[in-house]
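Chains as they are written, first to last, in numbering that gives the first Met the number 0: chain A, 0 to 282; chain B, 0 to 110; chain C, 0 to 328; chain D, 0 to 564.
Hints may contain errors.
[To be verified] So the derived list for chain D, only partly shown, Cβ under 10 Å to chain C, looks like this:
{"hint": "1", "residue": "175"}
{"hint": "2", "residue": "246"}
{"hint": "3", "residue": "291"}
{"hint": "4", "residue": "315"}
{"hint": "5", "residue": "328"}
{"hint": "6", "residue": "337"}
{"hint": "7", "residue": "353"}
{"hint": "8", "residue": "357"}
{"hint": "9", "residue": "364"}
{"hint": "10", "residue": "376"}
{"hint": "11", "residue": "383"}
{"hint": "12", "residue": "537"}
[To be verified] Beyond 10 Å from chain D on every Cβ pair, some chain A residues (computed):
{"hint": "13", "residue": "42"}
{"hint": "14", "residue": "46"}
{"hint": "15", "residue": "68"}
{"hint": "16", "residue": "71"}
{"hint": "17", "residue": "111"}
{"hint": "18", "residue": "114"}
{"hint": "19", "residue": "126"}
{"hint": "20", "residue": "226"}
{"hint": "21", "residue": "231"}
{"hint": "22", "residue": "282"}
[To be verified] Beta-carbon label-pair distances, calculated as ranges:
{"hint": "23", "chain 1": "C", "residue 1": "77", "chain 2": "B", "residue 2": "41", "range": "40 to 46 Å"}
{"hint": "24", "chain 1": "A", "residue 1": "17", "chain 2": "D", "residue 2": "56", "range": "46 to 52 Å"}
{"hint": "25", "chain 1": "A", "residue 1": "238", "chain 2": "D", "residue 2": "17", "range": "42 to 48 Å"}
{"hint": "26", "chain 1": "C", "residue 1": "77", "chain 2": "D", "residue 2": "529", "range": "19 to 25 Å"}
{"hint": "27", "chain 1": "D", "residue 1": "26", "chain 2": "A", "residue 2": "134", "range": "22 to 28 Å"}
The hints are simulated quantities; they were obtained by calculation from the structure and are not laboratory data.
Here the structure is a predicted model, which is why all the values come from computation and not from measurement.
For every residue, glycine included, the Cβ atom is placed at its ideal position computed from N, Cα and C.
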Amino acid sequence: MASPAHTGGPHLAHHFANLDQQYQSAKLGMWVFLATEVLFFGGLFCAYVVYRANHPEVFLYAHQFLDKRLGALNTAVLICSSFTIAWAVRAAQLKQVRLLILLLSLTFLLASGFLGVKYIEYRQKWEHGLLWARRYHPEVHLVQEGPGHDVEVPGAAPPGPGAQAAQEAPVTPAADGDADRSRIADAASGPVGLAEPMPASGEHRVVAEPHNAQVFFSIYFLMTGLHGIHVLVGMGLMVWLIALAWRGAFAGGNFTRVDMFGLYWHLVDLIWIYLFLLLYLVH
Amino acid sequence: MSERTASGVHITSLRTLVVVWIALLIGTWLTVTATYFDFGSLNLWIGLAIATGKALLVALYFMHMRWDRPFNAFVFLTAFAFLALFIGLALMDSAHYQDVVIPGYAPALQQ
Amino acid sequence: MTTLALTSLLAAGPAGADGGSFWLPAARSTTAGEVDSLFYLILGISLFFFVLIVAVMLAFVLRYRHRRERPAEPSRDHNLPLELTWTLIPVVLVAVIFFYGFRDYLDITTPPRNSYQVQVEAQQWSWSFTYPNGYTDSVLHVPVARPVELVMTSRDVIHSLYIPAFRIKRDVVPGRYAKVWFEATEPGEYDLFCAEYCGTNHSNMITKVVVHPTGEFETWLGKASNFLEQMTPVDAGRKIFQVRGCQQCHSVDGTAKVGPSLRGVFGHQVRLADGSTVTADENYIRQSILEPASEVVAGFDPVMPTFQGRLSDQEITALIAYLKSLDGN
Amino acid sequence: MAVSTPVLPLTDRAAPAGATYLNAERGLRSWLFTLDHKRIGVMYLVVILASFLAGGIFALLVRTELLTPGPTIMGPDTYNKMFTLHGTVMIFLFIIPGIPATLGNFVLPLMLGAKDVALPRLNLASFWIWVTGATVAISAIVLGGVDTGWTFYTPYSTTTNTAVIPMTLGAFILGFSSIFTGLNFIVTIHKMRPEGMTWMRMPLFLWGIYATAIIQVLATPVLGITLLLLVAERVLGVGIFDPALGGDPVLYQHFFWFYSHPAVYIMILPAMAIMSEVIAVFSGKRIFGYRFIAASSIAIAILSFLVWGHHMFVSGQSSLANLVFSALTFAVAIPSAVKVFNWVATMYKGSVRLLTPMLYALSFLFLFTIGGLTGLFLGALATDVHLTDTYFVVAHFHYVMFGGTVIAFLAGLHYWWPKMFGRMYSERWGRVGALLIFVGFNLTFFTQFVMGSHGMPRRYFNYLPRFEGLHQASTVGSYVLGLGFMVVAAYLLHSLFRGAPAPANPWGSATLEWETSSPPPPHNFDEEFDASDPYDIESLEYDPAGGGYRRHDPSAIRLRPAGAP
């Protein structure tokens, strides 16, 4: 709304009666946009719920390949970035431009840290072939080492029930009973570093890979990928805001744009809170 | 306690921000430790409860929902209502047609 | 007025062909009667409301036509009792329609216990029906007055088995079993369409349902299923060629279709997509039947499905004999 | 979100006295980067009508091909690409943006007595996103066309080698244009209503546009994620919807129809919005049952999200879901019926003027009633098994979308034409066009009801000989329809240059857009309004000199002139 050269108070557009009407219009518009984002991500959450409800064994089996500690770290990083952007909005309202620039840069750093951790996780999946459906060639499988403790071990998974020919005689299909679904206890701690080879001590019962385990990784990459794109877009907007702040656009207290960006960023954090729970903490 | 901008918009105090921030970090720690105890079928719901609690904290305090026009909150909740409708009906149907789905059918992956 | 003129103009329409009414083809299955009665119930309700609304509209337009000296008379702008009645009456009517719709639907989708089961396999642009004794045919033969259940699956995309005369339709989705049942009431031949868009020859994915009078079905099935012994290899090969869907994509008169024409192919050089040429002998034909994508003829897409496990060796040798016979003529 | 292109600041629109929004500024840049909702509405009108022309040509090609069973003028693949293009162009490019983007954009701020929509730059962004999306979608034609139908059902859409990705990306981008228009209208109606215009004193056109905006905002994002997943399916092979990779094609249909059924209400609600205005004005009296019509708009908007499963009764959906969706489908039929009854009741004791907009309104009532009633056949489970995926469905949705939305669009276009362009069109030719379209439409689509109930499947390039007669009648009808539209286009274009200058209020309507000149000045109004009654037609009188209507006491609804303290 404000023309960049303008450093006085917030600028009133010609078609509004007063500043409050203008601010509330921007606010309502932003909340409606956040509603569309909720429904946009909602499609993926629906795919998650449908596949998890109908194939729970896939999610119990496959989520153990995700590193809980990196997930938790990322959640903390995003929560901190939510804090810094909320404080930045406060700084903009109080016309503390230097503090605003510092806090926006801090949020930017935290966001890039978040993407860095995601890169590490993605590279691990890439190396172990744990990718989406068409490129799912796992080179790691779970070995049940003692009660309730599953551990990642390199080496191709044994042909689980999934490989059995799907073209058996077309009689009404017997439901795939739970008999051969291994009892996967939740891992006491996150899987040991994916890279380290498993000490071959004693006999270990290999956890059979359930049917269509690749669906979990498809949903994982779709959800975290789309979320990552939203983080990238957020980082781009932060650079734009820092540039505007540098040129003094917020000196006059016209904080609307920082406030709107803050709402967008909090929603990105809010969606990650659910992603972390649904993808990493399945049990 | 609550300051106001020139045009009357509420400014959240730093103390509130820090308190909510700490609460969120504790919430994250709580979610992770909750996975170490097995509450049986309740696990999912406990996790969701904690996550929703954290989400409410972010929405109410960080996103000013508590001091803003209630209609904005109503718009946000409507989105979740329609999402629940979509997930609910799609889940109801998919759960009821699993008996005719060929288990593990993925011919492109079998070769 | 235009619609009335229209309907009389079209009375000939498809109605005359098979003794059906203006609106519906002849009902030839036990459940078709229920569907038709519901259809006419809804038609009645619709015609009544349609004529009512249009008549009242025209009456008001004519009665209250604009004349400068006669402005609009004052009249109420809302009337709660009237508005409630014309809300509740439709609610009751649609509830009745919904109830009959669902009750008849349950009859349509619950097959009787002793129904005769036929396996159906839909693939891009042909149907194949496998009878309990293993015989496969591209035309659905069924006994009259006996419930028949079709257990269907698709090899590629979504198709939909639709028999208008029996008022049944069911999508055939890959990766699952679709079930539909009917009990034919009249012997005869009825159309069977594919009703879910499935590509280039979607409109040619048509076959027939032949309903045999009582007692004749078993004799037909007996004679048809051991055609390999009775017929000469060339005739058996021709039957397989027509029944198993080969003719949908390969012609025998030289014109290329989705696949190359097979006339005069046997024993001659064939240029492959990768530029090499190979002679079309028995091994090449057996190979292209079992692994079609391995040696694709130049200029054609590798869309032929594999027949691995769907054609017995005896059937393949009969097919090869048939292709040999295509050489000269 | 701000478009950082150099834009004319809004305040400096000190247009010379008497200048209208059309001639206040000159030059292409003043149009392409305008923030004026009226210019954006006119630009949308041009591109929307161009899309309608393209979609219409594809339709005529499809109908010409169906003159004879075998190939008539094209092969099966070309035919499949042609009906897909007809579907996608008509739906994503024309009818979804359609009325809200053109008439809605132009009339909404005027009806509120406002100077512009709440977020003008978002409005311009929405237009440019439409242009981008349309270009990407149309590029599918040059890349070989797409032959999946506008529904893109998997696994066919993931296995065909035609240009599915450009078309789906185009539709994905167009989705955002629709979201931004809806968002803009919600904010405008909430925040910019004038003095005295409470929710229950708002013109019914705004109720209809508001209900449409709710659906645009809540349904379109799910289309976005569905199309994105389809592109991911083809490019990466994520196996969510592709059964070859373990996905579930029926889940795709749930995703697709969760948007696409509310989308048909995005199409019909603006049409109903126009009907409430046109029928009230041309019956010369207050609308009947204002509360019921407004409430049913919102009821339709909400119920439209509950019924999508009736597109999937035979597609492998479970019987329980069929039961639920069939019952809910009948619930959504009630508000539409209530509206039709209210419109007919409005004409009671009125003074009905059969001008062109009213002719289209009467055609709407006739055709939409047929469309709505044939929905009963498709909502009942037993009859739907026989009728779905046949020409009966094709006829049903054309009666509702074409007979409903396009006919109402023509009514609205003629109704607001004087206000938009300051010219009157020729009434005589208007009536000829309306008659041609009405006869052509019925000949084209009533025949398809008969074909469909006799079992003629849809999307068939080659059909059994017994349907040839009906197909030929339908094709002849489509030619009459095409002729009708040429007549309408001719006299409307002619009126732009040589039409009689239009008075401010040619029809005698009491809503605020008629309180300013035709065409309006760039800033719409010079005073503020106390708009407490949009339908007090009694306060207007016919002024033979100006050829239009005038208020007895103009100051009755005017507060102090704008700007004065």
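Going through the hints against the structure:
no.	hint	result
1	175	28 Å, violated
2	246	8 Å, holds
3	291	5 Å, holds
4	315	5 Å, holds
5	328	8 Å, holds
6	337	5 Å, holds
7	353	7 Å, holds
8	357	9 Å, holds
9	364	6 Å, holds
10	376	5 Å, holds
11	383	8 Å, holds
12	537	9 Å, holds
13	42	3 Å, violated
14	46	6 Å, violated
15	68	27 Å, holds
16	71	26 Å, holds
17	111	23 Å, holds
18	114	20 Å, holds
19	126	18 Å, holds
20	226	13 Å, holds
21	231	16 Å, holds
22	282	23 Å, holds
23	77/C to 41/B: 40 to 46 Å	53 Å, violated
24	17/A to 56/D: 46 to 52 Å	50 Å, holds
25	238/A to 17/D: 42 to 48 Å	47 Å, holds
26	77/C to 529/D: 19 to 25 Å	23 Å, holds
27	26/D to 134/A: 22 to 28 Å	53 Å, violated
Figure legend: structure checked against the earlier numbered hints; hints not met, in rising order: 1, 13, 14, 23, 27.
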